[in-house]
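Asks: Letter by letter, the chains look like this.
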Amino acid sequence: MKLYFKSLGMHLKAELEYRVNFILSFLSQILIFFTSYFVIIALFTKFDNIKGFTMYEVLLCFSIIQFGFAFNEVFARGIDRFDKLIIKGDFDRLLLRPKSIILQVLCSDSDFVKTARIIQAIIVLIIAIMNLSIHWNIMKVITLILMLISACVIFFGIFLVAASYCFYTVQGLEVRNVFTDGGKHMAQYPIGVFSKGFVVFFTFIIPYAFVNYYPLLYLLGKLDSPIYGLSPLLVIIYLIPCIIIFYMGMKRYSSVGS
Amino acid sequence: MSFIEVKQISKTFRVAKKKSGLKEAFKSFIKREYLDVVAVDDISFSIEKGEIVGYIGPNGAGKSTTIKILSGILNPDSGECKIAGMTPWKERVKYVKKIGVVFGQKSQLWWDIPAEDTFDLLKDIYDIPEEEYQATKKDLIKRLNLEDIINIPVRQLSLGQRMRCEIAASLLHNPEILFLDEPTIGLDAVSKQLVRDFIKKLNKEKKTTIILTSHDMSDITTLAKRIILIGKGKVLYDGSLKKLRDKYDTETHVNIRTKDKLSIRKKGITSKNKTRDGYELVVNTKILSISELLMNLSKKILIDDIDIEQDTIDHIIVKLYEDYKI
Chain A
0 MKLYFKSLGM HLKAELEYRV NFILSFLSQI LIFFTSYFVI IALFTKFDNI
50 KGFTMYEVLL CFSIIQFGFA FNEVFARGID RFDKLIIKGD FDRLLLRPKS
100 IILQVLCSDS DFVKTARIIQ AIIVLIIAIM NLSIHWNIMK VITLILMLIS
150 ACVIFFGIFL VAASYCFYTV QGLEVRNVFT DGGKHMAQYP IGVFSKGFVV
200 FFTFIIPYAF VNYYPLLYLL GKLDSPIYGL SPLLVIIYLI PCIIIFYMGM
250 KRYSSVGS
Chain B
0 MSFIEVKQIS KTFRVAKKKS GLKEAFKSFI KREYLDVVAV DDISFSIEKG
50 EIVGYIGPNG AGKSTTIKIL SGILNPDSGE CKIAGMTPWK ERVKYVKKIG
100 VVFGQKSQLW WDIPAEDTFD LLKDIYDIPE EEYQATKKDL IKRLNLEDII
150 NIPVRQLSLG QRMRCEIAAS LLHNPEILFL DEPTIGLDAV SKQLVRDFIK
200 KLNKEKKTTI ILTSHDMSDI TTLAKRIILI GKGKVLYDGS LKKLRDKYDT
250 ETHVNIRTKD KLSIRKKGIT SKNKTRDGYE LVVNTKILSI SELLMNLSKK
300 ILIDDIDIEQ DTIDHIIVKL YEDYKI
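Protein chains in written order, with numbering that gives the first Met the number 0: chain A, 0 to 257; chain B, 0 to 325.
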């Protein structure tokens, strides 16, 4: 853990070497990503709800997913950019060091400019919460925190699986974006607005539904059982096969090479 | 049991066959043909603690693959390998603490920050105790002459400076074995000399076992007493440099400047060429000694100038490659 924070510090140091670039990128990130929030706002000036979800409810869902995604872009950048590590041959170097490979990949890169998105997501989250009349109690606070954590966890898992793809080939990397970016865009809306097939897919294959649908319903009082509030915990189980897949890929790498 | 034991290691890569042309591209899209490329074929050798071994061969001979197997990055298809009692690719985390690897063509230093920051990070990666780390770092800074460059962002360093930092980074954890993959590539004469001297001292004082690959034969001659030559994935020669010299270094080029006409036919002279201002003779010194040749020549012609040139190790290697058809 100490190692991870130390390398984070070094990445920050390296990024700050290019000061102007850092500031400009930071600002542009803020601008670009507010536009995606405006899309939702524009949508709701036409319709006052989507399948029973109001604008602030969707924004709540949206910001949680954005938060999880941006969090990984900052703190697990190395996994997102894993193809670079393989192509440049730097992955070999990691294999020569006596630490867990996933930890080292995490240490290998980070992108502090994207903290802009985290900040945005938090701002939008606060705005959404203030405009929703949620009957708060301890359980609901826990649910909200779990939703945020599980959003980070689920994208970490997805990034990990996407990274494992690089052990097999570094061509056609767009395929993995279907699951990372594509999944993100789907999950920004409450899964319930989509048809049944999608709900099943995003419950059992990629469990977005446990991040921002079932707990959301509980939070909004549309479902009563607190079990739904705890459903984000299931996402942690999802992480296990993701890690196994990654290590399987690694084994293949060391027998095939690049 | 030697310190490094490699037994019958083989490694084959599957490479997708690619032919040129759009039609072929479509064909291979539907049905891929694979080509098995044997990178390393039944290689065995053993190395004792404290040896410096030059591992040489032409491009694509399997040098890098062997280094990757020995350092635990790749696992071979078959064969055994025990280094310091461990199998590299099976006990990765424990094993890599004992080795240091320098890739001349790849950097392990962070590009945008000073080398010292990378060193600090390596301290945590290898869990080096603070005291030991400070002592080793100080020692390396002194030996590799790094005081002035250690605080400059790596991207601003010259290649020679960077390579010195690179070597220091690989030695912070006091490895027992050091793999050097073309450590002097692209360096100027002064940097080369510095790196070589350092490696020599390191081996002498710390008994570090060193495996060195290089295309620069003077690296090999100054550092390694023993060489292993591989070609097409097989070990072709394993032994002392001196023996190799004795075996192959029998030809001597004699350049004579003279205005006279020379007609000489003697056993031991393998070729005679007329040059612009004289003759070039290639002599097999095992049959005809140089002094005998000179005596003979001085009787026949007036020699203005003479230049005797022994085969360099580069020539020997080229000859070796030719002999083995690689």
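What the hints contain is simulated information worked out from the structure, not anything from laboratory work.
Bear in mind the structure is a predicted one, so any value in this text is a computation, not a measurement.
Check each hint, because a few of them may be wrong.
[Unchecked claim] Straight-line C-alpha distance at most 20 Å; calculated DMTMM-like pairs for lysine to aspartate or glutamate:
{"id": "1", "chain 1": "B", "residue 1": "K242", "chain 2": "B", "residue 2": "D126"}
{"id": "2", "chain 1": "A", "residue 1": "K5", "chain 2": "B", "residue 2": "D123"}
{"id": "3", "chain 1": "B", "residue 1": "K285", "chain 2": "B", "residue 2": "D245"}
{"id": "4", "chain 1": "A", "residue 1": "K83", "chain 2": "A", "residue 2": "D223"}
{"id": "5", "chain 1": "B", "residue 1": "K97", "chain 2": "B", "residue 2": "D76"}
{"id": "6", "chain 1": "A", "residue 1": "K1", "chain 2": "B", "residue 2": "D306"}
{"id": "7", "chain 1": "B", "residue 1": "K89", "chain 2": "B", "residue 2": "E4"}
{"id": "8", "chain 1": "A", "residue 1": "K5", "chain 2": "B", "residue 2": "D276"}
{"id": "9", "chain 1": "A", "residue 1": "K98", "chain 2": "B", "residue 2": "E90"}
{"id": "10", "chain 1": "A", "residue 1": "K250", "chain 2": "B", "residue 2": "D76"}
{"id": "11", "chain 1": "A", "residue 1": "K250", "chain 2": "B", "residue 2": "E79"}
{"id": "12", "chain 1": "B", "residue 1": "K260", "chain 2": "B", "residue 2": "D313"}
{"id": "13", "chain 1": "A", "residue 1": "K5", "chain 2": "B", "residue 2": "D259"}
{"id": "14", "chain 1": "A", "residue 1": "K12", "chain 2": "B", "residue 2": "D123"}
{"id": "15", "chain 1": "A", "residue 1": "K98", "chain 2": "B", "residue 2": "E79"}
{"id": "16", "chain 1": "A", "residue 1": "K1", "chain 2": "B", "residue 2": "E129"}
{"id": "17", "chain 1": "B", "residue 1": "K299", "chain 2": "B", "residue 2": "D259"}
{"id": "18", "chain 1": "A", "residue 1": "K98", "chain 2": "B", "residue 2": "D119"}
{"id": "19", "chain 1": "B", "residue 1": "K266", "chain 2": "B", "residue 2": "E250"}
{"id": "20", "chain 1": "A", "residue 1": "K5", "chain 2": "B", "residue 2": "D111"}
{"id": "21", "chain 1": "A", "residue 1": "K87", "chain 2": "B", "residue 2": "D76"}
{"id": "22", "chain 1": "B", "residue 1": "K273", "chain 2": "A", "residue 2": "D180"}
{"id": "23", "chain 1": "A", "residue 1": "K98", "chain 2": "B", "residue 2": "D138"}
{"id": "24", "chain 1": "A", "residue 1": "K12", "chain 2": "A", "residue 2": "D47"}
{"id": "25", "chain 1": "B", "residue 1": "K105", "chain 2": "A", "residue 2": "D180"}
{"id": "26", "chain 1": "B", "residue 1": "K96", "chain 2": "A", "residue 2": "D110"}
{"id": "27", "chain 1": "A", "residue 1": "K83", "chain 2": "B", "residue 2": "D111"}
{"id": "28", "chain 1": "B", "residue 1": "K231", "chain 2": "B", "residue 2": "E129"}
{"id": "29", "chain 1": "B", "residue 1": "K199", "chain 2": "B", "residue 2": "D138"}
{"id": "30", "chain 1": "B", "residue 1": "K199", "chain 2": "B", "residue 2": "D187"}
{"id": "31", "chain 1": "A", "residue 1": "K250", "chain 2": "B", "residue 2": "E90"}
{"id": "32", "chain 1": "A", "residue 1": "K12", "chain 2": "B", "residue 2": "E79"}
{"id": "33", "chain 1": "A", "residue 1": "K1", "chain 2": "B", "residue 2": "E130"}
[Claimed, not checked] Distance ranges between label pairs, derived from CB positions:
{"id": "34", "chain 1": "B", "residue 1": "A24", "chain 2": "A", "residue 2": "P240", "range": "50 to 56 Å"}
{"id": "35", "chain 1": "B", "residue 1": "N150", "chain 2": "A", "residue 2": "K87", "range": "23 to 29 Å"}
{"id": "36", "chain 1": "B", "residue 1": "K22", "chain 2": "A", "residue 2": "K87", "range": "29 to 35 Å"}
{"id": "37", "chain 1": "A", "residue 1": "Y167", "chain 2": "B", "residue 2": "D35", "range": "14 to 20 Å"}
{"id": "38", "chain 1": "B", "residue 1": "D245", "chain 2": "A", "residue 2": "K1", "range": "32 to 38 Å"}
Where is the CB? At the ideal position from N, CA and C, for every residue including glycine.
Asks: Run every hint past the structure and note whether it holds.
Replies: Against the structure, the hints come out as follows:
For the proposed pair K242 of chain B and D126 of chain B, the alpha carbon gap of about 44 Å is over 20 Å, so the pair is violated. With a C-alpha separation of about 9 Å, the suggested pair K5 of chain A and D123 of chain B falls inside the 20 Å cut-off, and the hint holds. Between K285 of chain B and D245 of chain B, the direct Cα distance comes to roughly 10 Å. Compliance with the 20 Å bound is thereby established for this hinted pair. Only pairs whose Cα atoms come within 20 Å are accepted, and K83 of chain A paired with D223 of chain A is rejected, the gap being roughly 46 Å.
With a C-alpha separation of about 24 Å, the suggested pairing of K97 of chain B with D76 of chain B is violated against the 20 Å cut-off. A threshold of 20 Å between alpha carbons decides the hint, and for K1 of chain A with D306 of chain B the separation of about 65 Å lies outside it, so the pair is violated. A distance of roughly 15 Å separates the Cα atoms of K89 of chain B and E4 of chain B; the hinted pair therefore holds under the 20 Å criterion. At most 20 Å may separate the alpha-carbon atoms for a hinted pair to count; K5 of chain A and D276 of chain B exceed this at roughly 69 Å.
Of the supplied pair hints, the one linking K98 of chain A and E90 of chain B holds, its CA atoms being roughly 12 Å apart against a limit of 20 Å. Distance hint between K250 of chain A and D76 of chain B is fulfilled; the C-alpha atoms sit about 13 Å from each other, no more than 20 Å. Distance hint between K250 of chain A and E79 of chain B is fulfilled; the C-alpha atoms sit about 18 Å from each other, no more than 20 Å. With a CA separation close to 33 Å, the supplied pair K260 of chain B and D313 of chain B exceeds the 20 Å bound.
With a C-alpha separation of about 77 Å, the suggested pair K5 of chain A and D259 of chain B falls outside the 20 Å cut-off, and the hint is violated. Distance hint between K12 of chain A and D123 of chain B is fulfilled; the C-alpha atoms sit about 18 Å from each other, no more than 20 Å. Under the criterion of a C-alpha separation no larger than 20 Å, the hint pairing K98 of chain A with E79 of chain B is inconsistent with the structure, at around 24 Å. Only pairs whose Cα atoms come within 20 Å are accepted, and K1 of chain A paired with E129 of chain B is accepted, the gap being roughly 15 Å.
For a cut-off of 20 Å, the pair hint linking K299 of chain B to D259 of chain B stands: about 9 Å separates their Cα positions. Of the supplied pair hints, the one linking K98 of chain A and D119 of chain B holds, its CA atoms being roughly 15 Å apart against a limit of 20 Å. Taking the CA atoms of K266 of chain B and E250 of chain B, the gap is near 13 Å; set against the 20 Å cutoff, the hint holds. Straight-line distance between C-alpha atoms of K5 of chain A and D111 of chain B comes to about 16 Å, which keeps the hinted pair within the 20 Å bound.
Taking the CA atoms of K87 of chain A and D76 of chain B, the gap is about 25 Å. The hint is violated against a cut of 20 Å. Between K273 of chain B and D180 of chain A, the direct Cα distance comes to roughly 74 Å. Violation of the 20 Å bound is thereby established for this hinted pair. Between the alpha carbons of K98 of chain A and D138 of chain B the distance comes to roughly 25 Å, so the proposed pair goes past 20 Å and is violated. In summary, the hint linking K12 of chain A to D47 of chain A is not supported, as the alpha carbons are separated by about 47 Å, beyond the 20 Å threshold.
As the CA atoms of K105 of chain B and D180 of chain A are separated by approximately 32 Å, the hinted pair breaks the 20 Å bound. Simply put, K96 of chain B and D110 of chain A have alpha-carbon atoms about 30 Å apart, too far for the 20 Å limit, and the pair is violated. Restraint check: the Cα-Cα separation between K83 of chain A and D111 of chain B comes to about 17 Å, which is no more than 20 Å; the hinted pair holds. A hinted pair counts as satisfied when its Cα atoms are at most 20 Å apart, and K231 of chain B with E129 of chain B does not qualify at roughly 46 Å.
Proximity of K199 of chain B to D138 of chain B is assessed by CA-CA distance (about 15 Å); at most 20 Å being required, the pair is judged to hold. For the hint linking K199 of chain B to D187 of chain B, the alpha-carbon distance of about 18 Å falls within 20 Å, and the restraint holds. For the proposed pair K250 of chain A and E90 of chain B, the alpha carbon gap of about 13 Å is at most 20 Å, so the pair holds. Restraint check for K12 of chain A and E79 of chain B: the C-alpha separation of about 44 Å exceeds 20 Å, so the hint is violated.
Annotation: proposed proximity of K1 of chain A to E130 of chain B holds, straight-line Cα distance about 18 Å (limit 20 Å). A24 of chain B and P240 of chain A have their C-beta atoms about 36 Å apart, which leaves the hinted 50 to 56 Å range violated. Under the hint 23 to 29 Å, the C-beta atoms of N150 of chain B and K87 of chain A, about 26 Å apart, fit the expected range. In this structure, K22 of chain B and K87 of chain A meet the distance hint of 29 to 35 Å, their C-beta atoms being roughly 33 Å apart.
Between Y167 of chain A and D35 of chain B the beta carbon distance is about 19 Å. The supplied range of 14 to 20 Å therefore holds. Hint check: D245 of chain B to K1 of chain A, Cβ distance near 56 Å, so the stated range 32 to 38 Å is violated.
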